[in-house]
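Number of protein chains: 2
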Amino acid sequence: MKRVNFSDVKITNGFWKQKQELVRSVTVNAVYDRFFETGRFDAFKCDKSNPIKPHIFWDSDVAKWIEGVAYLTKEKREPSLEKIVDDLVDEIEKNQCEDGYFNTFYITVEPENRFKFRDCHELYCLGHLIEAAVAYYEATGKDKLLRLMCKYADLVERAFKIEGSTGFSTPGHEEIELALVRLYECTSEKRYLELSKHFVDKKGSEADPLTAWSEYSYFQSHKPVREQETAEGHAVRAVYLYCAMADLALKYNDDTLKNACKKIFDNISKKRMYITGGIGSSNAGEAFTVDYDLPNLIAYTESCAALGLALFAHRMLLLENDSKYADVVERAIYNGFLSSISLDGKAFFYTNPLEILPYMLTRDTSVKEKNPLHIPNPQRQEVFDCSCCPPNIVRFIPSIANLMYTYDESTIYIHQFMESKASIKIGERVYEIEQKTAYPYDGKISISVKGGAIRVAVRIPYWCESYEGETKNGYAYFDINSTSTDISLDFEMKPRFVYSNPEVLANAGKCAVICGPLVYCMEGHDNEAHLRNIVLDTSSEMHSGYNDKLDSPTILIDAYTKEESNELYSFTKPKYKKIKATLIPYFTFANRGVNEMQVWHLYK
Amino acid sequence: MKRVNFSDVKITNGFWKQKQELVRSVTVNAVYDRFFETGRFDAFKCDKSNPIKPHIFWDSDVAKWIEGVAYLTKEKREPSLEKIVDDLVDEIEKNQCEDGYFNTFYITVEPENRFKFRDCHELYCLGHLIEAAVAYYEATGKDKLLRLMCKYADLVERAFKIEGSTGFSTPGHEEIELALVRLYECTSEKRYLELSKHFVDKKGSEADPLTAWSEYSYFQSHKPVREQETAEGHAVRAVYLYCAMADLALKYNDDTLKNACKKIFDNISKKRMYITGGIGSSNAGEAFTVDYDLPNLIAYTESCAALGLALFAHRMLLLENDSKYADVVERAIYNGFLSSISLDGKAFFYTNPLEILPYMLTRDTSVKEKNPLHIPNPQRQEVFDCSCCPPNIVRFIPSIANLMYTYDESTIYIHQFMESKASIKIGERVYEIEQKTAYPYDGKISISVKGGAIRVAVRIPYWCESYEGETKNGYAYFDINSTSTDISLDFEMKPRFVYSNPEVLANAGKCAVICGPLVYCMEGHDNEAHLRNIVLDTSSEMHSGYNDKLDSPTILIDAYTKEESNELYSFTKPKYKKIKATLIPYFTFANRGVNEMQVWHLYK
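So the sequence lines, in the order shown, correspond to chains A and B.
Numbering of the first sequence is given in this note's numbering, commencing with residue 1 and proceeding in unit increments.
Numbering of the second sequence is given in this note's numbering, commencing with residue 1 and proceeding in unit increments.
Mixed in with the good hints there might be a few duds.
No copy labels: a pair is met if it fits in one copy or bridges any two.
Claimed, not checked - Below, a list of computed lysine-lysine pairs in the BS3-like style, where the Cα atoms sit at most 30 Å apart:
1. Lys48 x Lys151
2. Lys604 x Lys575
3. Lys575 x Lys271
4. Lys549 x Lys436
5. Lys17 x Lys549
6. Lys197 x Lys258
7. Lys578 x Lys604
8. Lys425 x Lys10
9. Lys346 x Lys53
10. Lys573 x Lys494
11. Lys142 x Lys45
12. Lys494 x Lys604
13. Lys575 x Lys263
14. Lys45 x Lys83
15. Lys425 x Lys19
16. Lys370 x Lys116
If you're looking for bench data, these hints aren't it; they were derived computationally from the structure.
Fair warning: this is a prediction, and the values are worked out from it, not measured in the lab.
The task is simple: from the sequences and hints, build the whole structure.
Laid out in C-alpha cells, this is it:
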C-alpha cells in the first residue's frame, strides 16, 4: 500500500477548503505574530546577550510553523512568508556549529550540556526541523535547510549510533524517528532510515537515564517497542513513536513491529480514546492512564495528541486494509483535533475538555490558587508558553489531504471525503479522481474516476446505517471502466445517540449525540438549564436547526430538566419539566465566551 | 436558654456508650502512642538539642488529648493517663517563660518570632491549652495547668489588647475566642470574656497581615464579623469563630452578632453542607467554596469541621428554639463526624469523601505523582502529620452528651436521643431525666422525668413523618406533672430516598438513602457492579438486612445495572439487568479495605 501525498490532491471547495483558507489568511500570521512577540524567531540569531532565553522546545515550534508555510507555499507561493523562512534559514546556517549541531537553547544557554539530558527535547527539535526542511525543499526547491539538517542528522548518527558518546541513547521526546524516515524518503540516504530504526529498536531495550518525576513508561521505554501492547505515557510522544513504528514496519516489512502497532492501536481505540478522538486523559504527564479512564471535566486530550493519533491511524492503513483506522482518523480530525482552533482562526486550545463547569475555576474563593484540580482552560488562548499546538495546526490543516487516499497496484482506497481533485499515478497511468460532497454536513458523495480501468474502495463510515451494498473490512469496492466512471454514495446523516462501555465510569447513565462524523455537545448559551440537569429523551425524534453565529447546524432534542427548589436536600422526588435541548458540533464550542459545555448527557 | 453539661448526663448504654467505651479502651491510648512516637509529648520538654523539632500546631494536638483524658476522668479516674497529664503540666510549668508565654515551637525553634506571624497557630494552641486546663481542673480539681494558662492568657491580653505590641492583631486560626469564654465561665474573670470579644470585634475590622497564598476570607477577615452572611474560608477556623460569636451573642445579648450567626448558619445548612453534615468542600485551603459546590469524589469535609459544625449548631440552640439546629447536630455527629474513626477505634480520616473510586488514585501510571487531583485517602490512617482530628475525637465522644439538652426556667429541651440519665438543676429543683432508646437504629424513645412539674420539649427529627402531635419550631411539648411523668415516642425509622437541589451539579440525576439519622452508602464489597452503574429503583420496596462484620444494619434495594459490553462506544442502548443493591451506614464505610464507595446514586 502506498501513500498519496497532499500535493497530488487539491481541495477545491467546502469544509476543509474553508479551514485551509483560514489558516492561510489568519492562522499562519497569528501564530507568527505571537511567536515573534515571544522571541521565538529572534532566538535563531543565537545572540547570547539577548535577555530572552529560548525554551528547550522553541526550535520545534518554529520548525512546525515553517513546515506549515511550506505546505501553504506548495499550493500558492506566499513571498512574505517565504522571506521570513529564508532569513531564518540563513540564521541557522550562520549559527550552526561546525560539527553540524544546532539548537538555539543549548548554543546560547547551556553549550556544555548538549546531548546530555534525555528529556531536553534536542532530538525532538531536530525532528521537526528535518520535517520542515523536507517540506520546504519539496515546496520551493530550496535545499539549504535540508542540507543543514542533513549535516545535523549526520552528527546525531555519529554521536548516538556510531560513537555512543551521548548522555542518553534514545530520544526522551519522540519525533525524530518519523522525521528520519521522511528524510530518507526525500534524500534516498538509507542511513537515515537505519538511524530511525536504531532509535526505535533501542527504546526500552536498555536502561536510559530516568527523570526524578517520571516512570519509564512516560517515554515509552518501559519495554522494547515490539513487546508493547498498550498505549503508555505522554500521549504526544507516544503517538509520534507509533507513527515511526508503523513507518518502519512498512519499510522493513517487519511483522513484529506491525503487530505491536496493531495491538497498541486497538488498546487506544477500544479502551483509551474519548469519543472525540482525544487521547491522553491525564494532566499528570499529559499522559495515557489506565483502560477506560476517560473523565470529562478534567480531560486533558492535548490537541497535538489527537492530531498525532490521526497520523498514526492513517499510517496503519498502509499496513492493513481496515476501515477502523480511517474511522479513527475521521473521529480525530473532525472533533478532538478541530476543536483546538477557534472559528476565527486566531486562538487555540492546548487541552480539549469534554465538559466545562465554569464555576469550578473560581470555586476556591479563599486561596490564591484557583485551579488545584487542573481543570482545563475553558477558552482558547492566542498563545501559551508551551505552544506546540498552534503551529501543529498550521502544518496539519494545509496537508490534511494526506489522509484521503492510499493505493496499491489494483486498487485506490478512498478513506476520507472532501470536495477535491486528485491525481494518482499507478504504474504508468495517472488517475484523476474528483470528489463532490458537502461532508461533514451531508453524506452525499459523488466520485468520478478518470484514467482507465481500476478498482476503487470507498470507506463506509462506522456511523452509517444506510449503505446496503457489500463491504469488506469496511470498504465498498467499485470497478471503474470505460462505461462506469462515477460512484454515487449517500451515507444518511442523522443524529444518533451513543452509549459508552459500562467500564467508563465517567459516562455512567449518560449518552452522547453524533451526526455523521461530528460529535455534538451542549453549551450553556443555547440551553436554559444547567447542562448536568438536562435529561435527553432518547425515544423522541430529533430535529435539525442552524446557528448563524457558529455558521453550523444544530440538533434539537426533547428533554427534561429539574424544576427549581429551595431545599438543599428533600424527600420529594424532583419534578421535571419539558424543554428542548440544543446541541452544536463539538468543534464549535467555546466560541461565544465562557459557559457550560457537555458531551455526555443524562438520558431516559 | 442554658446549657446542660455532659458531666450532668450519664450515657448508660447503647450506641454512644459503646463509642465512649471504645475511646476509653482503645482510642485514647492509640492516639497517645502515635503522638508519643512522633515526639509530640517529648516536645513539651522544650529541649533545644532534640533533633525532632515541634510543628507549630503540636501543642494543640496534645492539648486536645489532655481535654479528652479529662472528660474520661470526669466519669471514671484513669490513674495512668492522669500521671501522663500531670507530668506534662510539670514540664509546661518548668518551661513557661517568665512573662507567661508558652509554645513548644517558638520556645525551641524560633524564640525571636513569637507573636509575629498571624498564620502560625500560637493563639490556636493556647486556645486548646485553655480548654484542656479548664476541663482538667473541672475533672480532677487540679488547678496547676489552669493557673499557668491564665498567666499566658494575661500575657496575651497585655500584648494584643493593651499594648498592641504584636505582629498581628487577631488570630489567624480561631479557637482561643471560644476558649476564653470557657475560661471566663470557669474563673469568673470577665477580662477573659472581654478579650474574646476584643478578638471577635476586631476581626475583619482592620487590616491584618495577609499570607502570600490566601485571601482575607481564608481567616474570616474579609469583613467585620457582624456583616458576614456566608461561611467562608478554612472550614475549621470558620466554625470555631462562629462558636465564639454565638457564645458572645449569648453572653452580651448581642443581636447583631446573633443575626450574623443565623445568616451564616442558614448559608451553611441550605447551600454549603453535604448530606453527611460535612463542610468545607475544597482541598485548596481546606475551605468553604461557593454555594452548592459539593463534589463527592473530591469532597474535603475535614472531620474537625463536621465536629465544629455540631458545636456551632448546638450553641445556636441557646440563642433560638429551632429544631433545624439540632437536626444539623444530629446529621453531623452520626455521619460526617462519626465516619472519621474506624470501627476498631484505632484509625482516622482527616477527610471524609462521599465517593471513592480506588482506581483514580493510581491512574497516573507514567509519573511518580499519583494524586494530582487531591482525591482524599480511601482508608483511615493511624496517624498523619497534621493530626488535629484524632485528638478531637478523643475529646468529643466522651463529652457528646453536651449536645443533648438545653433549658430555660420553664422548659427542658431534648435535642438528641441517647440512652442516658441526666440531672438538670433549674432554680432549686433537680430534674432527673432518663432516656431509653436504641437510637440511631430504632426511633422508639421512652423518657421519664422526675422532680416535679415542668415542660419538656422534644425535637421531632426532620426525617420523621410519623409523628402526629402538634409541634412548634420542630419541638413537641409535653407537660410533666404528678400524674404524667413519662413520654413515649416512636419516630418511625424507614429508609427514605433523598434528592438534592438542582444547583448541586455533583448530584444531578442522583439520590441518596437515609434511615433515621443515618446516611447510608454503597460499598463495592457488598455490590456486584461498579457503583456508578447501579440504578436504584425508587418505586420498589426497601428491605433491611444486617452485616455481621460491621455489626450494623443494611438496606437492600431493587436496582439495575448495565450488562457488560466489548465496545467502547455503541449505538445500542445499554441493556440493564436486575440486581439487589446493598447499602451500609456511611460511618461504617472503609472498614474492610479499599473499595468503591458512593453516597449519591443513579435512580429511576
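These are the hints, each one checked on the structure:
When the C-alpha separation of Lys48 and Lys151 is checked against a cutoff of 30 Å, the pair qualifies only within one copy, where the shortest distance is 23 Å, while the shortest distance between copies is 64 Å. Taking the closest pair of Cα atoms, Lys604 and Lys575 come within 30 Å of each other both inside a single copy (15 Å) and across two copies (13 Å). Proximity of Lys575 to Lys271 under the C-alpha cut-off of 30 Å is restricted to the inter-copy arrangement: shortest distance 20 Å between copies versus 37 Å within a copy. Taking the shortest Cα distances, Lys549 and Lys436 sit within 30 Å of each other inside one copy (26 Å), while across copies they are farther apart (69 Å).
In this homomeric assembly, Lys17 and Lys549 come within 30 Å of each other (Cα to Cα) only inside a single copy, at 20 Å, whereas the closest approach across copies is 67 Å. In this homomeric assembly, Lys197 and Lys258 come within 30 Å of each other (Cα to Cα) only inside a single copy, at 13 Å, whereas the closest approach across copies is 76 Å. For the identical chains of this complex, Lys578 and Lys604 are neighbours both inside a copy (13 Å) and across copies (17 Å), given an alpha-carbon limit of 30 Å. Proximity of Lys425 to Lys10 under the C-alpha cut-off of 30 Å is restricted to the intra-copy arrangement: shortest distance 15 Å within a copy versus 96 Å between copies.
Within a single copy, Lys346 and Lys53 get their C-alpha atoms as close as 25 Å, which meets the 30 Å cut-off; across copies the closest is 55 Å, which misses it. Taking the shortest Cα distances, Lys573 and Lys494 sit within 30 Å of each other only across copies (17 Å), while inside one copy they are farther apart (35 Å). Taking the shortest alpha-carbon separations for Lys142 and Lys45, only the intra-copy value of 21 Å comes in at or below 30 Å, while the best inter-copy value is 80 Å. For the homomeric pair Lys494 and Lys604, the shortest alpha-carbon distances inside one copy (20 Å) and between copies (28 Å) are both at most 30 Å.
In this assembly of identical chains, the alpha carbons of Lys575 and Lys263 lie at most 30 Å apart only when taken from different copies (28 Å versus 48 Å within one copy). Proximity of Lys45 and Lys83 under a CA criterion of 30 Å is satisfied intra-copy only: 16 Å inside one chain copy versus 76 Å between copies. For the identical chains of this complex, Lys425 and Lys19 are intra-copy neighbours only, at 27 Å inside a copy versus 84 Å across copies, given an alpha-carbon limit of 30 Å. In the homo-oligomer, the alpha carbons of Lys370 and Lys116 lie at most 30 Å apart only across protomers (28 Å), although the nearest pairing inside one protomer, at 37 Å, exceeds that limit.
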